[in-house]
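All chains, please: the whole structure from these sequences, using the hints.
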Amino acid sequence: MVEQAEDSEVRVRLRGKEMSLAVTEEQAARMKATARHIVREPFTKRPWSELGFFLVSGGLAGVGLAFVGITMVAGVALAITFFGLAVLALSIRSARGFGGWNRALARSMLGEKVDDPEPFAGRRGFLGWLQSSLRDRVGWRSVGYLALKVPWAILGVFVALSLWWDAFACLLRPFSGSNGGGPPVWGLVPNLFGSDFFWFNGPPQGFLHGLAVFLLGFVFLFAAPWVMRGFVNVDRLLIRSLLGPDPMATRVRSLEQARTQTVDASAATLRRIERDLHDGTQAQLVALAMRLGMAKEKLEDTDDVDLDRVRELVDEAHRGAKEAIAELRDIARGIHPPALDIGLEGALATLAARSAVPTDLSVDLRTRPTPAIEAIAYFCVAELLANVAQHAQASRASVSCAQQGTWLRLVVRDDGRGGAQLTTLGSTSSGLVGLTDRVHAVDGRLNLVSPPGGPTVVTVDLPLSP
Amino acid sequence: MVGALRVAIAEDSAILRDGLVQLLVDRGFAITGAVGDPVALRSSVAQNPPDVAVIDIRMPPTFTDEGLRLALELRERYDGLGILLFSQYIETRYAADLLADNAAGIGYLLKDRVADVSDFVEALERVAIGGTALDPEVVTQLLGATRRTDSLSVLTAREREVLSLMAEGRSNAAIAGALVISEGAVEKHVANIFAKLDLPVSENNHRRVLAVLRFLES
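Residue numbers (the working numbering), protein chains in the order written: chain Y, 100 to 565; chain P, 26 to 243.
The hints are simulated quantities; they were obtained by calculation from the structure and are not laboratory data.
Just so you know, these numbers come straight off a predicted model, no measurement behind them.
One or more hints might be untrue.
Every beta carbon over 12 Å from chain P, so not counted as near; a handful from chain Y, in silico [said to hold, decoys possible]:
{"#": "1", "residue": "His136"}
{"#": "2", "residue": "Ser148"}
{"#": "3", "residue": "Ala173"}
{"#": "4", "residue": "Phe182"}
{"#": "5", "residue": "Leu209"}
{"#": "6", "residue": "Leu270"}
{"#": "7", "residue": "Arg339"}
{"#": "8", "residue": "Ala364"}
{"#": "9", "residue": "Gln383"}
{"#": "10", "residue": "Leu384"}
{"#": "11", "residue": "Leu521"}
{"#": "12", "residue": "Val541"}
{"#": "13", "residue": "Val556"}
{"#": "14", "residue": "Thr558"}
{"#": "15", "residue": "Pro562"}
Sample of chain P residues with no beta-carbon within 12 Å of chain Y, all distances over it, derived [what the hints assert, rightly or not]:
{"#": "16", "residue": "Leu45"}
{"#": "17", "residue": "Asp51"}
{"#": "18", "residue": "Asn73"}
{"#": "19", "residue": "Arg83"}
{"#": "20", "residue": "Arg100"}
{"#": "21", "residue": "Asp122"}
{"#": "22", "residue": "Ala140"}
{"#": "23", "residue": "Ser143"}
{"#": "24", "residue": "Asp144"}
{"#": "25", "residue": "Pro161"}
{"#": "26", "residue": "Leu168"}
{"#": "27", "residue": "Ala170"}
{"#": "28", "residue": "Thr174"}
{"#": "29", "residue": "Leu177"}
{"#": "30", "residue": "Thr181"}
{"#": "31", "residue": "Ser243"}
Per label pair, the in silico range of CB-to-CB distance [stated by the list, open to error]:
{"#": "32", "chain 1": "Y", "residue 1": "Asp407", "chain 2": "P", "residue 2": "Gly28", "range": "55 to 63 Å"}
{"#": "33", "chain 1": "Y", "residue 1": "Ile424", "chain 2": "P", "residue 2": "Thr89", "range": "27 to 35 Å"}
{"#": "34", "chain 1": "P", "residue 1": "Tyr103", "chain 2": "Y", "residue 2": "Val413", "range": "32 to 40 Å"}
{"#": "35", "chain 1": "P", "residue 1": "Thr89", "chain 2": "Y", "residue 2": "Val351", "range": "29 to 37 Å"}
{"#": "36", "chain 1": "Y", "residue 1": "Leu369", "chain 2": "P", "residue 2": "Val50", "range": "33 to 41 Å"}
{"#": "37", "chain 1": "P", "residue 1": "Val50", "chain 2": "Y", "residue 2": "Ser494", "range": "45 to 53 Å"}
{"#": "38", "chain 1": "Y", "residue 1": "Arg410", "chain 2": "P", "residue 2": "Ala39", "range": "18 to 26 Å"}
{"#": "39", "chain 1": "P", "residue 1": "Phe88", "chain 2": "Y", "residue 2": "Gly552", "range": "57 to 65 Å"}
{"#": "40", "chain 1": "P", "residue 1": "Gly28", "chain 2": "Y", "residue 2": "Leu369", "range": "42 to 50 Å"}
C-beta: ideal position from N, C-alpha, C; glycine also.
So this is what it looks like as structure tokens:
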């Protein structure tokens, strides 16, 4: 028994003892809402549409199971002949179809959001079709669904309908006269235990008994929709896990996608390196060789050596050689930062020290990540700090690199103007798109929070060993 | 020759472009334009036609074969304009495209060749007056890829050297200079080669190049 006191305290009397429970107003309001919800539920549309779904989809599943079952038994019986295999394949393919109808029903009647599984991909020729059909995981999962759904639907419909029936029977009983007329209470509970087992099943025995039966009718009435809901929720679970996309296939697809991205990203990296070498170092070296060639020819002309011109040419060549060395060093660092050889912490310290925006660094690593993860972490920080310097108009930045279980979490934060988006970041620096791909390739995550006005926080989670 | 040879340059690397201008001016050429992309070269050639255009193959906007396509276009439009394609890589297919029907006034050189200033200038002059200059690398690749190895095996080592230099587009005099032998000896080698390979004899250097290339490609 619960009664609400003025000071939002709920006193609960339990076995004669009184105890006080302090309840906040918010909790009290929530309890009230729940109570209202329970009371109103039998009179809303939802339990009826759920019952309707159960009847329709259960019936459909029954037909499906009968068809699939018969064809499957026939197929297995004839399996030694080629014809049997074809019947079996047809059976599995039809299970897929029945599964699809059940999925469509769940979508339209329950609003269940379940994606289509991967479409059937039959190989070429009849033999190919046969083989693909027999090995169709979606089809087999649909068979499993039908086999589970049919008994579950029968049980659910029986339980829910008998609860409703019992509710009306109990509610009517006190008014049915003393000779036991009126509808009998014969639902789930009496049927399981025998019709005389329960006190409420006989004819009314006085006023109190009649009142108790009447109140029990209310309990049944309010319980019925929730029991129905329970059955439907289990069915939803079955639909999601057996009629939705195969988790294995989904995983394979996402891995394939990640692999494509990785291959693309590494091809793009190679192209960038080739361009850098071609436009930078190679051109530098050609120009350098050309100047030295000119100087050499001038020196060969022994009669009249234009020493000033030669000096000029050698000077230019010397400068070009130094520039080429510097460019080559930058390109090499873009391929593999030598700083990583001493570990991620040292490499990040170098990055933070070199950053144009003053940057604080905190590193807390107990185990050393694999080299691949270290490289990705390094390039992420390098790219993000470069972005901060170019776009954020920040006065300070911070980088933290911490181990969380088996994950490495990088957080790069700046106090700039914010408003950054991954796409705009990407368009201004082609590097970040490649980085996102590389992060995804090792099942990592990159998250950007950048409200207008700042601050911008980029969080990168990488597995310590992919 | 009347006056200095007029040269237009299209090269997107500023360092290299400036270097080339410096080198060519130093060697007495007149520069009609030094630009960094195909569009600019097109208008420069239209306004101030040169004797020869030095064109980088990889240029903006896509950095693939803009220079090659521009070269084919200019060749179509301007009769007698020499074209020296200039690249950091040798693609034999590009050479085949360029020399499809006529090797006159065509050059295809690795950029590295500018280091040997005299050779480079000589090749440029050859192209400007309607000759051919193929990079030794192109010829090496063609010789390496040819299916006519059994035919080539009838040549002596010296004759093969002469064949390579001939394929680069050099005259008998130039071949004689390169191999340090007399011009008469070169003529004898050339006659032997043509006889052994059953090639049509031609006095014209660029026809000779084409004949050799056809032979190697067939």
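Each hint, compared with the structure:
1. In this structure Y/His136 is separated from chain P by more than 12 Å, as the shortest Cβ-Cβ distance comes to about 64 Å.
2. Residue-level check passed: Y/Ser148 sits 59 Å from the nearest beta carbon of chain P, beyond 12 Å.
3. At roughly 62 Å, the least C-beta separation between Y/Ala173 and chain P is larger than 12 Å, which holds for a residue marked as non-interface.
4. Consistency note on Y/Phe182: stated as away from chain P, and its beta-carbon is indeed over 12 Å from all of that chain's, at 56 Å minimum.
5. A cut-off of 12 Å between C-beta atoms confirms that Y/Leu209 is not in contact with chain P; the least separation is 53 Å.
6. Non-interface status of Y/Leu270 relative to chain P is upheld: no Cβ of that chain comes within 12 Å, the nearest being about 82 Å off.
7. Every CB of chain P is more than 12 Å from the CB of Y/Arg339 (nearest about 48 Å), matching its label as outside the interface.
8. Every Cβ of chain P is farther than 12 Å from the Cβ of Y/Ala364; the closest lies at roughly 20 Å, confirming the non-interface assignment.
9. For Y/Gln383, the condition that its CB be more than 12 Å from all CB atoms of chain P is violated, with the nearest at approximately 6 Å.
10. Consistency note on Y/Leu384: stated as away from chain P, yet its beta-carbon is not over 12 Å from all of that chain's, at 9 Å minimum.
11. Non-interface call for Y/Leu521 relative to chain P: holds, since the shortest CB-CB distance, roughly 26 Å, exceeds 12 Å.
12. The beta carbon of Y/Val541 sits about 31 Å from the closest Cβ of chain P, which is more than 12 Å, so the claim that it is off the interface holds.
13. With a closest Cβ-Cβ approach of about 37 Å to chain P, Y/Val556 is found to remain outside the 12 Å limit, as its non-interface label requires.
14. At roughly 36 Å, the least C-beta separation between Y/Thr558 and chain P is larger than 12 Å, which holds for a residue marked as non-interface.
15. With 12 Å as the threshold on Cβ separation, the claim that Y/Pro562 sits away from chain P holds: the shortest Cβ distance comes to roughly 37 Å.
16. With a minimum CB-CB distance of about 8 Å to chain Y, P/Leu45 fails to clear the 12 Å threshold, and the non-interface call is violated.
17. Its beta-carbon lying about 7 Å from the closest one in chain Y, P/Asp51 breaks the requirement of being farther than 12 Å from that chain.
18. No beta-carbon of chain Y is positioned within 12 Å of the beta-carbon of P/Asn73; the least distance is around 24 Å.
19. Consistency note on P/Arg83: stated as away from chain Y, yet its beta-carbon is not over 12 Å from all of that chain's, at 7 Å minimum.
20. Listed as outside the interface, P/Arg100 is consistent with that label: its C-beta sits roughly 25 Å from the nearest C-beta of chain Y, beyond the 12 Å cut-off.
21. Listed as outside the interface, P/Asp122 is consistent with that label: its C-beta sits roughly 21 Å from the nearest C-beta of chain Y, beyond the 12 Å cut-off.
22. With a closest Cβ-Cβ approach of about 4 Å to chain Y, P/Ala140 is found to fall inside the 12 Å limit, against its non-interface label.
23. Not every Cβ of chain Y is farther than 12 Å from the Cβ of P/Ser143; the closest lies at roughly 7 Å, contradicting the non-interface assignment.
24. Its beta-carbon lying about 9 Å from the closest one in chain Y, P/Asp144 breaks the requirement of being farther than 12 Å from that chain.
25. Distance check on P/Pro161: its Cβ is at least 16 Å (rounded) from any Cβ of chain Y, clearing the 12 Å threshold; non-interface status holds.
26. Separation of P/Leu168 from chain Y is adequate, the least Cβ-Cβ distance of about 25 Å exceeding the 12 Å criterion.
27. No Cβ of chain Y comes within 12 Å of the Cβ of P/Ala170; the nearest lies about 24 Å off, and the non-interface call holds.
28. Annotated as non-interface, P/Thr174 keeps its C-beta farther than 12 Å from every C-beta of chain Y; the closest such distance is 33 Å.
29. Remark: the non-interface label on P/Leu177 is consistent with the geometry, its nearest Cβ contact in chain Y lying 32 Å away (cut-off 12 Å).
30. With a least beta-carbon separation of about 33 Å from chain Y, P/Thr181 lies farther than 12 Å from that chain, consistent with its non-interface assignment.
31. With 12 Å as the threshold on Cβ separation, the claim that P/Ser243 sits away from chain Y holds: the shortest Cβ distance comes to roughly 34 Å.
32. Checking the proposed 55 to 63 Å range against Y/Asp407 and P/Gly28 shows it is violated: the Cβ atoms sit about 28 Å from each other.
33. A hinted range of 27 to 35 Å for the beta carbons of Y/Ile424 and P/Thr89 is consistent with their spacing of about 29 Å.
34. Taken as a hint, the range 32 to 40 Å holds for the pair P/Tyr103 and Y/Val413, whose Cβ atoms sit roughly 39 Å apart.
35. The hinted range of 29 to 37 Å is satisfied by P/Thr89 and Y/Val351, whose Cβ atoms lie roughly 36 Å apart.
36. The hinted window of 33 to 41 Å between Y/Leu369 and P/Val50 holds, with their beta carbons roughly 38 Å apart.
37. Between P/Val50 and Y/Ser494 the beta carbon distance is about 50 Å. The supplied range of 45 to 53 Å therefore holds.
38. Between Y/Arg410 and P/Ala39, the C-beta spacing of about 23 Å keeps the proposed range 18 to 26 Å intact.
39. The given range of 57 to 65 Å is broken by P/Phe88 and Y/Gly552, whose C-beta atoms sit roughly 40 Å from each other.
40. The supplied range of 42 to 50 Å is met by P/Gly28 and Y/Leu369, whose beta-carbon atoms lie about 48 Å from each other.
The earlier numbered hints that this structure contradicts are 9, 10, 16, 17, 19, 22, 23, 24, 32, 39.
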